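*Asks:* Listed below, chain by chain, are the residues.
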Amino acid sequence: MDRDPALLRTLRGLAGLALILWLVLPLIPLAIWSFARGWRFPDILPQSWTMQAWNYALSDTSGVLDSLTLTIWIALCATGLSILIGVPAGRALGLSNFRGKGLVEMMILAPIIVPGIAVALGLHGVFIGLGLTNTTTGVILVHLIPTLPYMTLVMAGIFANYDTAFEDQARSLGASPWQTFRHVTLPAILPGIIVGGLFAFLVSWSQYILTLLIGGGRVITLPLLLFNFAASGRNDIAGAIGMIYILPGVLVLILTARHLTGRNVAIGGLGRL
Amino acid sequence: MTEVRLTSLTKTYPGEAGAALDALTLDIPSGSLTALLGPSGCGKTTAMKMIAGLLSPSAGDVTFDGRSVLNDPPEARGAVMVFQNHLLFPHLSVADNVGFGLRMRRRPKAEVRDRVAEILGRVRLPDLGPRMPSELSGGQQQRVALARALVLRPKVLLLDEPLSNLDAHLRLEMRDLIRGLQQEMGITTLFVTHDQEEAVVLADRVALILNGKLCQYDVAEAFYKRPASVDVARFFGGQNFVPGRSGDGLFQSALGPLQLPQGAARGAGLLTVRPEAVRLGPAPVNSLTATVTARIFLGTQTRLKLSVNDIPLEAVVPPDAAEGVAVGEVIDVNLPPGALWVLPHQGDRRAAQ
Numbered sequence: 005m006d007r008d009p010a011l012l013r014t015l016r017g018l019a020g021l022a023l024i025l026w027l028v029l030p031l032i033p034l035a036i037w038s039f040a041r042g043w044r045f046p047d048i049l050p051q052s053w054t055m056q057a058w059n060y061a062l063s064d065t066s067g068v069l070d071s072l073t074l075t076i077w078i079a080l081c082a083t084g085l086s087i088l089i090g091v092p093a094g095r096a097l098g099l100s101n102f103r104g105k106g107l108v109e110m111m112i113l114a115p116i117i118v119p120g121i122a123v124a125l126g127l128h129g130v131f132i133g134l135g136l137t138n139t140t141t142g143v144i145l146v147h148l149i150p151t152l153p154y155m156t157l158v159m160a161g162i163f164a165n166y167d168t169a170f171e172d173q174a175r176s177l178g179a180s181p182w183q184t185f186r187h188v189t190l191p192a193i194l195p196g197i198i199v200g201g202l203f204a205f206l207v208s209w210s211q212y213i214l215t216l217l218i219g220g221g222r223v224i225t226l227p228l229l230l231f232n233f234a235a236s237g238r239n240d241i242a243g244a245i246g247m248i249y250i251l252p253g254v255l256v257l258i259l260t261a262r263h264l265t266g267r268n269v270a271i272g273g274l275g276r277l
Numbered sequence: 002m003t004e005v006r007l008t009s010l011t012k013t014y015p016g017e018a019g020a021a022l023d024a025l026t027l028d029i030p031s032g033s034l035t036a037l038l039g040p041s042g043c044g045k046t047t048a049m050k051m052i053a054g055l056l057s058p059s060a061g062d063v064t065f066d067g068r069s070v071l072n073d074p075p076e077a078r079g080a081v082m083v084f085q086n087h088l089l090f091p092h093l094s095v096a097d098n099v100g101f102g103l104r105m106r107r108r109p110k111a112e113v114r115d116r117v118a119e120i121l122g123r124v125r126l127p128d129l130g131p132r133m134p135s136e137l138s139g140g141q142q143q144r145v146a147l148a149r150a151l152v153l154r155p156k157v158l159l160l161d162e163p164l165s166n167l168d169a170h171l172r173l174e175m176r177d178l179i180r181g182l183q184q185e186m187g188i189t190t191l192f193v194t195h196d197q198e199e200a201v202v203l204a205d206r207v208a209l210i211l212n213g214k215l216c217q218y219d220v221a222e223a224f225y226k227r228p229a230s231v232d233v234a235r236f237f238g239g240q241n242f243v244p245g246r247s248g249d250g251l252f253q254s255a256l257g258p259l260q261l262p263q264g265a266a267r268g269a270g271l272l273t274v275r276p277e278a279v280r281l282g283p284a285p286v287n288s289l290t291a292t293v294t295a296r297i298f299l300g301t302q303t304r305l306k307l308s309v310n311d312i313p314l315e316a317v318v319p320p321d322a323a324e325g326v327a328v329g330e331v332i333d334v335n336l337p338p339g340a341l342w343v344l345p346h347q348g349d350r351r352a353a354q
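Chains P and S are the protein sequences, given in the same order.
Numbering-wise (the numbering used here), the first sequence opens with residue 5 and increments by one.
Numbering-wise (the numbering used here), the second sequence opens with residue 2 and increments by one.
It is possible that some hints are incorrect.
Going by beta-carbon spacing under 7 Å, a handful of chain S positions derived as facing chain P [to be verified]: (1) 55; (2) 81; (3) 84; (4) 88; (5) 92; (6) 102; (7) 105; (8) 106; (9) 219.
What follows is a list of derived Cβ distance ranges for each label pair [claimed, not checked]: (10) 135/S <-> 236/P: 53 to 63 Å; (11) 77/S <-> 100/P: 24 to 34 Å; (12) 16/S <-> 111/P: 22 to 32 Å; (13) 72/S <-> 100/P: 19 to 29 Å; (14) 190/P <-> 15/S: 27 to 37 Å; (15) 16/S <-> 118/P: 35 to 45 Å; (16) 118/P <-> 135/S: 56 to 66 Å; (17) 111/P <-> 184/S: 57 to 67 Å; (18) 184/S <-> 190/P: 32 to 42 Å; (19) 190/P <-> 177/S: 34 to 44 Å; (20) 258/P <-> 15/S: 13 to 23 Å; (21) 141/P <-> 108/S: 40 to 50 Å; (22) 258/P <-> 177/S: 48 to 58 Å; (23) 100/P <-> 19/S: 16 to 26 Å.
To be clear, the hints were calculated from the coordinates, so they are not data collected in a lab.
Owing to the predicted nature of the structure, the values given are computational and were not obtained by experimental measurement.
Heads up, the beta-carbon is just placed ideally off N, CA and C, and yes, glycines get one too.
If we strip away everything but chain S, and leave its shape as in the complex, we get:
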C-alpha cells in the first residue's frame, strides 16, 4: 500500500512553446484506482512516465509514502508500467516474459516458476506459459502484460490505456479483471486513457487533464453532475449551456426562471443540464414548452434537438419515450432541479454556441 503524491509536476521540452505537463498536483490515495483522463497529447502519458522514472520532470516532485523517488532509477522505484501495446518480448515465451522482472531481481528459479504459474492462473491463462507472444490474441497479450507487472507485487501499478486495444466484449472482461486484481492485491493503481467511458467504468477517482493542466479531480459521478467548467462538461458529453444569472434559488435566463438545487453557485453563470436528464412531459416545477427541431435515433436511445425561446437544448431519452414525437411538434419538457448545475461564467467564448 503506497500513497503517491505529485507536486507541481512539470515537463517542458526544449524548443517547444508551452509545457507538455503543467504543474500537475495530485494526491493518489493508497490502494486506489485512479484515472488520468485527457485527449491524446495532453501530457498524461508524460506524467505516467515521470512516475515510472522513465522520464525526468523539468520541475516538481513525485513522492511515494512521503519520500521523493526522483533520484531512484526506474528499476528501483517499485512502480511498474504496463505499456499500451503490451510490449511482450518476442524472443521469450509467455512464462519467461511474466518471470522477466523476477529473474532480473535474481529470485530463485523455483520461486519464479511458482509465482509465474500463480499469476497466470489469476489472469485466467494457466496453460499459456510455453507459448510465444506471437501465438496469442490481443486480449491474451494484454493479460500477459498485466500478469508480468502484477507478479512483481509493485508498490504502484501504472497502466497506459489498458482497455484501448480490445474489442467491446473483451473490454468488460478486462475491466473486471483489473478491478478485481487491483482490489484483491491492494495495489495503488494509476491508468491513463483518452476515453471518458473507460475512465468512469474503471476508476475510483478521475483526474481530467486538458492542455497539460489538471481541470478536475473527483469521483466519476461528479464529472456528470458537478463539472468544474464548460470544457470539463463538454469532454463528458455535456451539450446544454445557457447563460444567465443565479440567485435566491432561481436561475434567470431566456428559458425563464428555473428552480435550482440547494448550494448552486450565485451570480452570472452558465446553466448546464445533461441531455439525458431532460425529461419529456410537464412537471410542477421547471416545465418548459419546446419545439422539436431534429430527432436522431441512436439505437438504445433517441436524441432530440429542441428549441426553447430560440435557445437550443438537447435531450437524450429512451426510444419508447420519443415514440410519436415528430419534428416541428411543440412538446412539454421539464428539467428536474436536482439535475441542474451552474458553472461560473469565466468569459468562455464557446459557451454561447
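In isolation and in its complexed conformation, chain P is listed as follows:
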C-alpha cells in the first residue's frame, strides 16, 4: 500500500480549510454587522463603518457587561457543581458493575434525549414551590440538567481506564485518604475534569430556554440579551454581543485542542499496566 504523501498532505490541508471555513464563515457577517452603519441588500459590504454598536454594547446602559458577569458566574457555578457531582457519579459508573447500571446510564443520558423544555416545564412547578424561580440559584440548578450528563459520561470514560490499585498502593506507602486523592487520583483524572468541565461550561453558557423559563425574565444572561436585540432588529448591537458571546467557545477550543486530539495519553487516566 503505497500512498502519495504529498497528495495526502494536500487533501488533509483542504479538509482542514473546509472545516475552518464552515465554522468561521457564518461568523463573518456577524462581525461586519457590529461595525456597520446600515447594510442593505445587495451591497456586499456596508456603505460606511462605525464603532457605535460596540460603544453601546460596552456602555453601562446596555447591561451587556452585567449580563456577561452574570453569565460567567452562572456557568462557573454550574460547572463547579457538575464536577462535584459528576466525578463521584462517573467513578461509580466507570468502576463498578451493579444491577441496573444500564438503567442508571440511560437516566443520566435522558436530559440529552428528552427535550429540555419538557423537563423545564415540569420543573417549573417544583421550583415555584421551592421559591427558586426568578433567582440566579434556580437558574444554576436548572442548568445542571444538561451539564451533568456530559460531565458524568466523560468521567465514567476516564474511570473505566483507571486502576484503583494505585490508590491502595498510595495508602500503603503512607498517604492519607485526602493525600491519595490529591497526589494520585486527581492527576490521573484531571484531563477528564478539564474536558468535562469545559463542556459543562459551554453547555451552561448557551442555555436559552431553561434560563428564560426558570429565570422568569429576571435573570438575564447573554443569550437572552442577544435574542432581545436580534428580535428587535438591532443587527449591529446583536452582532457586537454575538462577538462577545462566542469568545468563550473560541477560548475553550484553543485551550482543549491539546486534550481533544486524543494524543494525550493522560486522558485515559492511570491506565492498567
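Based on these hints, arrange chain S on the given structure of chain P.
*Replies:* The following block gives chain S in isolation, referenced to the frame of chain P:
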C-alpha cells in the same frame, strides 16, 4: 524488627460459599523472610492485603509485636505492600515515585533527596532518578517499586509475587537483591507467590495455603522431605504414592518390605519418595526390580516412568545415568531409606491414582 502474628485470620465475601481465607494462624518471626505459597485464588493476596490494612478481615487478628493493628489505617501501620505489577505512578519521575512515601510523611526536602539517592544506589539504579516510569524496563520498574517501599524503612515489607514478571536471568538477580537488602535492613518480610521454586529460593520459611487453608508451615526443605499431606507433596512435584502399612521400621506394600528411616509414622499410610531420590542400580537395602515404561528427556534431567509389581514409580535422574536405558528393559533401582516418608492415610481418594 517486628514480629507479625496472624490469629485465625478469616475473610469471607457476602454471597460466596466458603471463605477466601479460612482461619489462617501464622507466627512470622522478626526479621525473617517468609513465603505465602499457593495456587492463584487460594487467598494469599487477601491475607497480605489484610496485613497491609487494605482489606478488613471478617474474623481474626493481626498483631505486630503483640499489638493488634486492625484499627490502624494502612498509612499508619508501617506495613508497606509492593504490588505485583509495580504500580509506579506514571505522572511522577522515578525519584518522585521513590520519595512519595517520605513526602506524604512531610519529611524535609533535603532528607527526602538524600534517602532517595541512597536507596536508588542500593537497588543499583543510581542514575535513573530523573527518568519517567514508562522509560524503564520491567526489571527496573520492579526495583524502583522495591526501593519505593524500602526507603520508608517499614516494620513489615509485603511483596506480591516479587519475581513473577521477570525473565529467568533477572529473577536470580532480583532474588539476590531482595534477600541481600532484607537481611541487611532486618525487615520482617512476607511475600506471596504461586511458584514453589520462587518460594523455596527466596524464603526462610514457607507457608503453603491450599483452598484458603494453611497446609504446612516449615523450612523449605521440609516440603520435599517431610510433606504433611499428599496435596502438599503433589504441589511440590511429588509423584510417587504407594499405599501400605508401616511398622517396626518397615513399610509393607506391593513393592515388598522397604526399610524406613527412624521416626517414620506407624500404621496404615502412603509411602512417598521424590522422583529425584530414586537411584538406578542395586543396593544392599530397598533394592527393587523395575520395568521401564517410558523415558522422557528433559534437558538437564531424564524422567523415567517405571513399573514395580504393577505399581507405577517415577524417577528423575541425570541424563548420564539414564544413558543406555531403553523402554521395556528391566533394571535395578533402589530407594535410599533416608528419602522415604510415610504420609498418614486420610482417605485421600486421589492417592491411589
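*Asks:* Taking the hints in turn, state whether each one holds.
*Replies:* Now for the hints, and whether the structure bears them out:
1. Annotation: residue 55/S was flagged as interfacial toward chain P, and the flag holds, the nearest CB pair being 5 Å apart, inside 7 Å.
2. Against a cut-off of 7 Å between C-beta atoms, the interface hint on residue 81/S holds, since the closest Cβ of chain P lies about 5 Å away.
3. Taking 7 Å as the C-beta contact cut-off toward chain P, the hint placing residue 84/S at the interface holds, the least distance being around 6 Å.
4. Hint status for residue 88/S relative to chain P: holds, with the closest Cβ pair at about 4 Å, below 7 Å.
5. Hint on residue 92/S holds. Least Cβ distance to chain P is approximately 5 Å, under the 7 Å limit.
6. With its C-beta approaching chain P no nearer than about 4 Å, residue 102/S sits inside the 7 Å limit, and its interface hint holds.
7. A distance limit of 7 Å between C-beta atoms decides the matter here; for residue 105/S the minimum to chain P is near 4 Å, and the interface restraint holds.
8. Given the 7 Å rule on beta carbons, the hint for residue 106/S holds: about 6 Å separates it from the nearest Cβ of chain P.
9. Against a cut-off of 7 Å between C-beta atoms, the interface hint on residue 219/S is violated, since the closest Cβ of chain P lies about 29 Å away.
10. A C-beta distance of roughly 59 Å is found between residue 135/S and residue 236/P, which places it inside the suggested range of 53 to 63 Å.
11. With their beta carbons about 27 Å apart, residue 77/S and residue 100/P fall inside the hinted range of 24 to 34 Å.
12. For the hinted restraint 22 to 32 Å between residue 16/S and residue 111/P, the CB-CB distance of approximately 26 Å keeps it satisfied.
13. Range check, residue 72/S to residue 100/P: about 27 Å between beta-carbon atoms, so the 19 to 29 Å window is met.
14. At about 32 Å, the beta-carbon gap between residue 190/P and residue 15/S stays in the expected band of 27 to 37 Å.
15. For residue 16/S and residue 118/P, the hinted distance range of 35 to 45 Å is satisfied, since their beta carbons lie about 36 Å from each other.
16. Restraint check, residue 118/P to residue 135/S: a C-beta distance of roughly 44 Å breaks the suggested window 56 to 66 Å.
17. Taking the beta carbon of each, residue 111/P and residue 184/S are about 58 Å apart, inside 57 to 67 Å as hinted.
18. Range check, residue 184/S to residue 190/P: about 39 Å between beta-carbon atoms, so the 32 to 42 Å window is met.
19. Distance hint for residue 190/P and residue 177/S: a CB-CB separation of about 38 Å, consistent with the stated range 34 to 44 Å.
20. A C-beta distance of roughly 51 Å is found between residue 258/P and residue 15/S, which places it outside the suggested range of 13 to 23 Å.
21. Distance hint check for residue 141/P and residue 108/S: the Cβ-Cβ separation is about 45 Å, which falls inside the suggested range of 40 to 50 Å.
22. Take residue 258/P and residue 177/S: their Cβ atoms lie about 54 Å apart, and the range 48 to 58 Å holds.
23. For the pair residue 100/P and residue 19/S, the supplied restraint of 16 to 26 Å holds, since their beta-carbon distance comes to about 24 Å.
Comparing the model with each earlier hint shows violations of hints 9, 16 and 20; every other hint is respected.
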